[in-house]
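Model the full assembly from the supplied sequences, consistent with the hints where possible.
All residue numbers for the sequence shown refer to my numbering, where the first residue is 4 and numbers rise by one.
Source of the hints: derived by calculation from the structure; they are not laboratory data. Don't be surprised by glycine CBs; every beta carbon is placed ideally from N, CA and C. Mixed in with the good hints there might be a few duds.
[What the hints assert, rightly or not] What follows is a list of derived Cβ distance ranges for each label pair:
#1 E227 with L138: 54 to 60 Å
#2 D341 with Q55: 43 to 49 Å
#3 D236 with E31: 27 to 33 Å
#4 A345 with E270: 38 to 44 Å
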Amino acid sequence: MVHAQSASAAQSDRPSLATRTVRAVRAEAAWGARSLRRALQGPGRERDAVVQSLKAALAAVLAWLAAAWLLPDAFALMAPWVAVVLVQSTIYRSVWQGLQQTMAITVGTVLAAALVIPLGHPVLVMVLVLPVTTLLGNWPRFGAQGIYASTAALFTLVPGEATLDSAVSRVLAALLGTAVGVGVNALVLPPVHLRSARDAVDSAVREAREIVTEVAEGLDEPWEYGRIRTWYDRACRLPRLIRGVESSIGWSRESLRLNPESRRRAEAARLAAVYEETLPTLEDVAERLVALTRTLLEAADESDEVPRPGHEVTRPYAGFLRQVAAALDAYGRTVTGDDPEAARRELREAVGEVRAEQDRLRAELPRNAAAVPEGLAVLGPLLAEARRLATTLLPGGSGEGGGGDGGGDGAPGRQGA
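Dropping the structure here:
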């Protein structure tokens with residue numbers, strides 16, 4: 004009885020379907036409002052989406068007007084129907100998908116007209132044509148536009164009596180819609196997706212810096228396996244962020260193809276190359292952070308026989324990681340910041356501090372750990388990762404000796420290339 008009452012009470016505490024629906028609608032409305040505010044505040048993905056949506060609407064209206072002027076009214080719908088979906092995220096994609104869609108529409112229209120004109124029975128032609136057009140729609144040459152072969156066949160059959168003139172008019176309407184959609188996308192604020200690559204690089208660098216900072220802040224606190232496991236999991240996700248950087252750079256390069264704005268194209272191509280050159284550094288940083296956090300995870304695992312290091316080991320190592328985080332921050336601003344020259348100077352200073360801290364680690368940690376011999380089981384891997392992290396960030400990839408001040412033109416210098 005008590006169990007039944009508690010179950011009933013728990014069930015009564017759950018929000019009703021109407022309440023959950025209202026909350027979901029409010030959450031979606033809040034998300035939409037935030038996106039609209041960001042679109043109004045300044046450049047960003049939200050504003051890009053608004054611009055492309057308005058361009059798609061403009062392309063549909065222009066295609067409708069052109070088709071209504073040039074073609075019979077029965078076929079005016081085909082042109083805006085094609086144009087609105089061809090205002091794509093890049094001009095190259097608009098052109099390529101326009102060709103694919105036009106081929107698919109032509110195939111579907113020709114097949115349907117070739118059978119319905121002599122047979123005169125639309126339902127029978129559907130039975131014969133749709134399996135063929137649906138199968139052809141899977142042809143890789145059509146890409147994602149293959150479905151338009153079947154829809155074009157249906158448009159050809161539905162209005163009633165089909166003629167050769169109507170089939171030709173339908174294909175011409177599709178060509179007109181393709182021309183308008185591609186033209187609007189290319190001539191009205193042509194899209195260049197450089198911002199997405201910059202944001203991706205910034206996100207990857209920021210995540211790496213935050214991981215290093217959290218590890219540094221947490222080393223002198225009581226070690227909790229769950230917390231260190233979180234560091235390790237975040238480090239393991241870094242390669243996925245870096246793949247996102249690579250994908251965004253490819254997207255940026257695609258947005259430059261066929262783009263008519265030569266000045267923006269040249270600048271975007273230069274910056275895309277800069278971002279691309281950050282990939283090896285980011286990959287090395289990710290690899291070092293995975294190894295570093297794995298070492299700490301093994302040391303924090305109570306079921307493992309590896310002893311935990313004491314404060315004699317962790318305190319100077321935490322100081323080193325803070326310098327690495329500062330260097331990562333400066334490195335990121337040399338690539339994506341507003342003042343790369345100032346960031347280069349900061350990076351040179353930060354790299355010098357990393358070198359100095361590394362030297363202190365080599366000199367002090369073995370002496371401090373000598374009083375606590377069990378700490379040496381962790382000390383070796385920590386020193387190894389300290390050296391590798393420093394090498395990753397130092398100009399020219401050399402953490403030893405003479406790279407010194409003259410190495411300041413290394414990785415950050417790519418910005419000026």
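Tested hints:
no.: 1; hint: E227 with L138: 54 to 60 Å; verdict: holds (58 Å)
no.: 2; hint: D341 with Q55: 43 to 49 Å; verdict: violated (26 Å)
no.: 3; hint: D236 with E31: 27 to 33 Å; verdict: holds (30 Å)
no.: 4; hint: A345 with E270: 38 to 44 Å; verdict: violated (20 Å)
Violated hints, in rising order: 2 and 4; the structure is consistent with all others.
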